[in-house]
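Protein chains: 2
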Amino acid sequence: MNNKTQSVSDLVIRRLPRYYRFLGELAEKGISKISSRELSSLMGLTASQIRQDLNCFGGFGQQGYGYNIILLQEEISKILGYNNLKNTIIIGAGNLGHAIAEGMHFEKRGFNLCGIFDVSKNIIGTKAAGLTVSPMSDLESFCKKKKVSVAVICIPKDSAKSVCKDLISFGIEGIWNFSHCDISEFKDLVKIENVHLGDSLAALGYSLSE
Amino acid sequence: MNNKTQSVSDLVIRRLPRYYRFLGELAEKGISKISSRELSSLMGLTASQIRQDLNCFGGFGQQGYGYNIILLQEEISKILGYNNLKNTIIIGAGNLGHAIAEGMHFEKRGFNLCGIFDVSKNIIGTKAAGLTVSPMSDLESFCKKKKVSVAVICIPKDSAKSVCKDLISFGIEGIWNFSHCDISEFKDLVKIENVHLGDSLAALGYSLSE
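Protein chains in written order, with the numbering used here: chain A, 1014 to 1223; chain B, 1014 to 1223.
No wet-lab data here; the hints were simulated from the structure.
Check before you lean on any hint, since a few could be wrong.
One copy or two, either will do: identical chains are not told apart, so a pair holds if it fits within one copy or between any two.
To be verified - Think about it this way: if two alpha-carbon atoms lie no more than 20 Å apart in a straight line, the pair counts; the simulated PhoX-like pairs of lysine-lysine are: (1) 1158 / 1091; (2) 1170 / 1042; (3) 1174 / 1042; (4) 1157 / 1178; (5) 1091 / 1042; (6) 1091 / 1134; (7) 1170 / 1121; (8) 1046 / 1200; (9) 1200 / 1158; (10) 1042 / 1160; (11) 1200 / 1178.
Here the structure is a predicted model, which means the values were calculated and not measured.
Please model the complete structure; the sequences and the hints are all you need to start from.
See the structure below:
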């Protein structure tokens, strides 16, 4: 990664996975290069926005040629750490935990889902995404043995904070937080990505009431 | 809603539900007013950012007094359309559909979840969030009879586009899209809010690889 990435804004970072997706779809269709203008009409961004975004990382385009799709996708995947598999667990194997375990294609994004945990006796021992759900009492030894670096929190608000505290003490470096619990007090200890689906729903409500 | 809202940026809109949440937590604790400075340290925004955001909607604060929490929350709920219940259905009653149906508190955000649909014979007739899962063959009559205005798409990519097309012809005005399918071709016909969980996961991956 070059020095330029240091100053890349969060907004640009959040657009990179989207570039990656669109480029992947083009590559699947056998397309090998694309201009910023063509990419812009596809993605609903301006061509200058696209050039500016991709320049943050050194710029991959050639004037008058456009972008080499495969190379650009590879570069974005390196920037996003897709090539560096991180051992990952899910805490909570209810409907949400199952949906995340089975629907997310973790490997494609650089995460190796290797464990799933729950407190419920009815759920422990069942399967999710090919993994057997383990009891929370196994969490510490599992995290340490497998050097787990990422945890996905799919448990209710009440227990989320204490579980996160435990996870950090077990060596977790990143938390993908689906609980409706504010865990920002841990933000100096781990990387936190909160998913507030309610905020997304509210934005839809706003656009409907405009 | 005043004229000022016309020019409010998407970013401000997306912060409003967060203000709403934090204000709700304060109100629950019996706190009745708060300064922009106090709110800023709580939310991790600057005080001037908060004043600027809330000024977009006319400004609710009083110099030297701060914000009246109940009034501000009420105003935000009006802006976001929380008071105007919209009949809402979920398409797809797999793990994700169940998780959304049971975990989202639709009513609190202005949505009345009134139906859930699936194609699978094994799922039709089962319960989710107190509703009986209906067959897709009932979709058209249900949408028209109940004047459904919002659909949550929790089905695989392959069938999402054709289902959205049908829903629009049945009178749907807003789509909350969890399928990994790009439905932007319908953006002039319905309001679309896409949930790309993969992009959120990728952002976590980036912050871990920094």
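Against the structure, the hints:
1. 1158 / 1091: neither (27 Å within a copy, 51 Å between copies)
2. 1170 / 1042: between (43 Å within a copy, 17 Å between copies)
3. 1174 / 1042: Answer is between: at 19 Å across copies they meet the 20 Å cutoff, but 45 Å inside does not.
4. 1157 / 1178: within (15 Å within a copy, 49 Å between copies)
5. 1091 / 1042: This pair counts as neither: shortest intra-copy Cα distance 22 Å, inter-copy 45 Å.
6. 1091 / 1134: Answer is neither; intra-copy 41 Å and inter-copy 43 Å both fail.
7. 1170 / 1121: For residue 1170 and residue 1121, the Cα distance is within 20 Å only across copies (17 Å; inside one copy 29 Å).
8. 1046 / 1200: Neither, since 40 Å and 27 Å both go past 20 Å.
9. 1200 / 1158: Neither, since 25 Å and 48 Å both go past 20 Å.
10. 1042 / 1160: neither (38 Å within a copy, 40 Å between copies)
11. 1200 / 1178: within (11 Å within a copy, 42 Å between copies)
Figure legend: structure checked against the earlier numbered hints; hints not met, in rising order: 1, 5, 6, 8, 9, 10.
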